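Please model the entire structure based on the sequences and the hints provided.
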Amino acid sequence: MSLAEAARRPLAADRRQVFDWITERGVYVGLAVLLIFNLAFTPRFGELDNIRLQFVQVVPVAIIALGMALVIGTRGIDLSVGSVMAISSALLANYLGYGPVVAILVGLLGGAIVGIVNGVFIAYVGIQPIVATLALLVGGRGLALVIAQGRLTEVFDPTLRILGSDRIYGVPIVVLVALAVAVIVAVAVARTTFGRYVVAIGGNPEASVVAGVPVRRTLLVVYVLCAVLAALAGIIQTARLSASDPSFVGNLIELSAITAVVVGGTPLAGGRVRILGTLAGAMLMQLIGATLISHNLPDSATRMVTALIILGAVFIQRQRGGP
Amino acid sequence: MQAGPVYCNDVLVRGSVEPHPATPTTPVLEVEDVTKRFAGVLALDHVSLQLQQGEVHALVGENGAGKSTLIKVLTGVYQPDEGRIRYQGEQISFARPLDAQLAGISTIYQEINLVPLLSVARNLFLGHEPTNRFGLVDERRMNREAKAILAGYGIHVDVRRPLRSLGTGVQQMVAIARAVAADHRVVIMDEPTSSLEPREVERLVDVVRRLRRDGVAVVYVSHRLEEVFRLCDRVSVLRDGRLVHTSLVADITRLELVSRMLGRAVADVARARTRFADQQHEFGDQPVLRATGLTRRHVLSDVSLEVRPGEVMGLGGLLGSGRTETVKAIYGIQPVDDGAVEVAGSQIATGSPRAALAAGIALIPQDRKSEGIIPSLSVRDNIVLAALPAMSRAGFLSDRDQDAVVARLIEQLRIKASSPDQKVGELSGGNQQKVLLARLLALNPRVLLLDDPTRGIDVGATAEIQALISKLAGEGLGIVLISSELEEVVEGADRITVLRDGAVVGTLAGEEISEEAVMTVIAAAARESMRAADDAENPARDGSTNVAG
Numbered sequence: 001m002s003l004a005e006a007a008r009r010p011l012a013a014d015r016r017q018v019f020d021w022i023t024e025r026g027v028y029v030g031l032a033v034l035l036i037f038n039l040a041f042t043p044r045f046g047e048l049d050n051i052r053l054q055f056v057q058v059v060p061v062a063i064i065a066l067g068m069a070l071v072i073g074t075r076g077i078d079l080s081v082g083s084v085m086a087i088s089s090a091l092l093a094n095y096l097g098y099g100p101v102v103a104i105l106v107g108l109l110g111g112a113i114v115g116i117v118n119g120v121f122i123a124y125v126g127i128q129p130i131v132a133t134l135a136l137l138v139g140g141r142g143l144a145l146v147i148a149q150g151r152l153t154e155v156f157d158p159t160l161r162i163l164g165s166d167r168i169y170g171v172p173i174v175v176l177v178a179l180a181v182a183v184i185v186a187v188a189v190a191r192t193t194f195g196r197y198v199v200a201i202g203g204n205p206e207a208s209v210v211a212g213v214p215v216r217r218t219l220l221v222v223y224v225l226c227a228v229l230a231a232l233a234g235i236i237q238t239a240r241l242s243a244s245d246p247s248f249v250g251n252l253i254e255l256s257a258i259t260a261v262v263v264g265g266t267p268l269a270g271g272r273v274r275i276l277g278t279l280a281g282a283m284l285m286q287l288i289g290a291t292l293i294s295h296n297l298p299d300s301a302t303r304m305v306t307a308l309i310i311l312g313a314v315f316i317q318r319q320r321g322g323p
Numbered sequence: 001m002q003a004g005p006v007y008c009n010d011v012l013v014r015g016s017v018e019p020h021p022a023t024p025t026t027p028v029l030e031v032e033d034v035t036k037r038f039a040g041v042l043a044l045d046h047v048s049l050q051l052q053q054g055e056v057h058a059l060v061g062e063n064g065a066g067k068s069t070l071i072k073v074l075t076g077v078y079q080p081d082e083g084r085i086r087y088q089g090e091q092i093s094f095a096r097p098l099d100a101q102l103a104g105i106s107t108i109y110q111e112i113n114l115v116p117l118l119s120v121a122r123n124l125f126l127g128h129e130p131t132n133r134f135g136l137v138d139e140r141r142m143n144r145e146a147k148a149i150l151a152g153y154g155i156h157v158d159v160r161r162p163l164r165s166l167g168t169g170v171q172q173m174v175a176i177a178r179a180v181a182a183d184h185r186v187v188i189m190d191e192p193t194s195s196l197e198p199r200e201v202e203r204l205v206d207v208v209r210r211l212r213r214d215g216v217a218v219v220y221v222s223h224r225l226e227e228v229f230r231l232c233d234r235v236s237v238l239r240d241g242r243l244v245h246t247s248l249v250a251d252i253t254r255l256e257l258v259s260r261m262l263g264r265a266v267a268d269v270a271r272a273r274t275r276f277a278d279q280q281h282e283f284g285d286q287p288v289l290r291a292t293g294l295t296r297r298h299v300l301s302d303v304s305l306e307v308r309p310g311e312v313m314g315l316g317g318l319l320g321s322g323r324t325e326t327v328k329a330i331y332g333i334q335p336v337d338d339g340a341v342e343v344a345g346s347q348i349a350t351g352s353p354r355a356a357l358a359a360g361i362a363l364i365p366q367d368r369k370s371e372g373i374i375p376s377l378s379v380r381d382n383i384v385l386a387a388l389p390a391m392s393r394a395g396f397l398s399d400r401d402q403d404a405v406v407a408r409l410i411e412q413l414r415i416k417a418s419s420p421d422q423k424v425g426e427l428s429g430g431n432q433q434k435v436l437l438a439r440l441l442a443l444n445p446r447v448l449l450l451d452d453p454t455r456g457i458d459v460g461a462t463a464e465i466q467a468l469i470s471k472l473a474g475e476g477l478g479i480v481l482i483s484s485e486l487e488e489v490v491e492g493a494d495r496i497t498v499l500r501d502g503a504v505v506g507t508l509a510g511e512e513i514s515e516e517a518v519m520t521v522i523a524a525a526a527r528e529s530m531r532a533a534d535d536a537e538n539p540a541r542d543g544s545t546n547v548a549g
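Just so you know, the protein sequences line up as chains H and S, in that order.
Each residue of the first sequence is one higher than the one before, counting from 1 in this note's numbering.
Each residue of the second sequence is one higher than the one before, counting from 1 in this note's numbering.
Treat the hints as calculated values from the structure; they're not laboratory data.
Any given hint could turn out to be false.
Said to hold, decoys possible - Going by beta-carbon spacing under 10 Å, a handful of chain H positions derived as facing chain S: (1) Thr192; (2) Gly195; (3) Glu206; (4) Arg272.
As the list claims (entries may be wrong) - To give an idea of the chain H side of the interface with chain S (calculated C-beta under 8 Å), a few residues: (5) Arg191; (6) Thr193; (7) Ala200; (8) Ala207; (9) Val209; (10) Val210.
Computed from a prediction, not measured in an experiment: that's the story for all the values here.
Note that CB positions come from ideal geometry on N, CA and C, so glycine has one too.
Right, here's the structure in full:
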């Protein structure tokens, strides 16, 4: 027994149950508390327009967090998601001349290629996920700037405007897209062999190999999925802002996405994927930002709060002693 | 053994038992009426135990009997809910394991807890390295002293090598050397021999005897009853969290001891013990598994074996003889330089567990925890994991198919879980192993490779698993069986292929099979290889050319 482990062991069973409870349901409680606080103290918070805005703003983080949840479920991490957003955004702007559908497909394809590179490095070459994706975090942003020739490009396209701003029965299209993604990922996790393989690999990679799980192929698919979802987020963000700015789009979004996943109860040690928790985690992060801003605290405060929350969530998971 | 008066009343035995005549003194360590609950479950139920100076005290019981909990209470990992612990006459409570260590109680755990990448010497001195006058680690002195300490245990290795480059047995000895190096009054050994080979067990026996001579009290937890009878002075039996028996080892027979552990009548135990060997298997004609010329530099050399349907093929040999590597090579997770594997006459790709599985070969790996179970997943998910492709349509799973298979296997193997949704990590070792067996059986395999399937499992589950192996062979499966207990291979196998240094050195069948015969084959091979080594040094002396290194 390592000393660190030993030091954690004496925790009374009831205390561990408390941490269990926080990991399982803490995110929903946090969300409820924030909602109540804002409804009480933030002017105009309960208005439909504001609620709609919160949902629209959370979409990129939520979509990326869903992919990240799969990656973290396999005991991995993907730091390159922000750069993938930038690449898909730059590609979208560049290929808009061929029509919006082609441009969107090229953007998604760009994401898929980054995902393949990540996946091959991690699953076949055997580089640690944090290192492989860190390389693409740096290199990918550079590539995006090269594609966009370092410029911000304004994007005027009617189709993209509809995607970015229109609503169906009052629900913004981007929110519907995110919901569709969530349903697909949830079904994949709960009802397919792929989903079972993801948690098996995260739970015990060596045992998964022995059990005949196609570990490499599954990892490759996971990283490709994560990158494609990040590319989708990049396209949505570009459509909503009517501009492609590869030096800023998706900056630090990996932090928000990872936080959303971990706060949502998916252990960083893998072996488990919680979809609803991840969505709630993303919303929690969104509301924290909104709350601080509406009470005149700067963006820098949001970042520090985010950092504290991720530390707290990981701490609680560790106290819990395994999934 | 019984010198002087012995106060034996089946519950508490006071006084030292051993030749060196300590007068009945205060026990070194005394547990009084200790109770420990986990979430309402009684893990220890008013347990009292006394540990005398200079005695080796065996602690036995099935898995889940409370042995581990008791040890953890003794070493400060858990706090007792009720009761007292007295150490050298004074009531104490250890807030954390370090306190117990500092007080002089050291524990050697079943799993090795060392740093694999550091050198042997570093591991030995971890936390109390000798330093020079600049406060830096004095490598030379450390290496010299480490070498001397290990030599005392009969281990001669380069202490500068990283620990992980050594075999598990040697690593275990390093752990033991580390634990008893310091000045300790009580040493607790939790299954210390589970990864040792016979030669190393002998060294451990010497170490334990030396500790006893020095007046150290040893708590010896083991599933191996031979060791209890050979090495221990007293034995305490735990069952369902209660202390059901304490006596001198000399005052109890093996059969009685097993029956106390199981809480069953002696006659039942005797029957359960012979069942494994009773059954006569009928073999098919054509081998269901044929491995030819499996070779891997420094690991395996030209290993070939055949298993017929209905046959249990035992792999004999010492730890490190290449048994595990052989089954891993057949299964495709041990890379080979050369060799072929055939299932029912058709060759399969080597180096791919998926190909092996598709051909009907399934493996229970030696290390259940690291290569077997997925602790975070449920019993159900663990059982169906390997069979998922067969239970899905276009990648989508059918609950009905899964539940049917899982329910059948849980019942067939008598897996004790609160529900199929319980996490496997929460089950006892025996039930985890049954879950792994269920995973293999869900595949309807033709060949089972079982690498030490009863390792670290309680007596009851062992008997069940052995009976199951026999039954599966009866149903026509080909089985390759490895066991760290020679007795188990001898009882269970129809044929035994004996390995040494990664090569086949003999085969025994039918009436030839006995523990003695296997050891004779190994010993003969050892003599031969020594002669071969001599010849290699003096090649001019005779004309023999075919000399293995």
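- Message: So, against the hints stated earlier in the document, which numbers end up violated here?
- Response: Failing hints: none at all.
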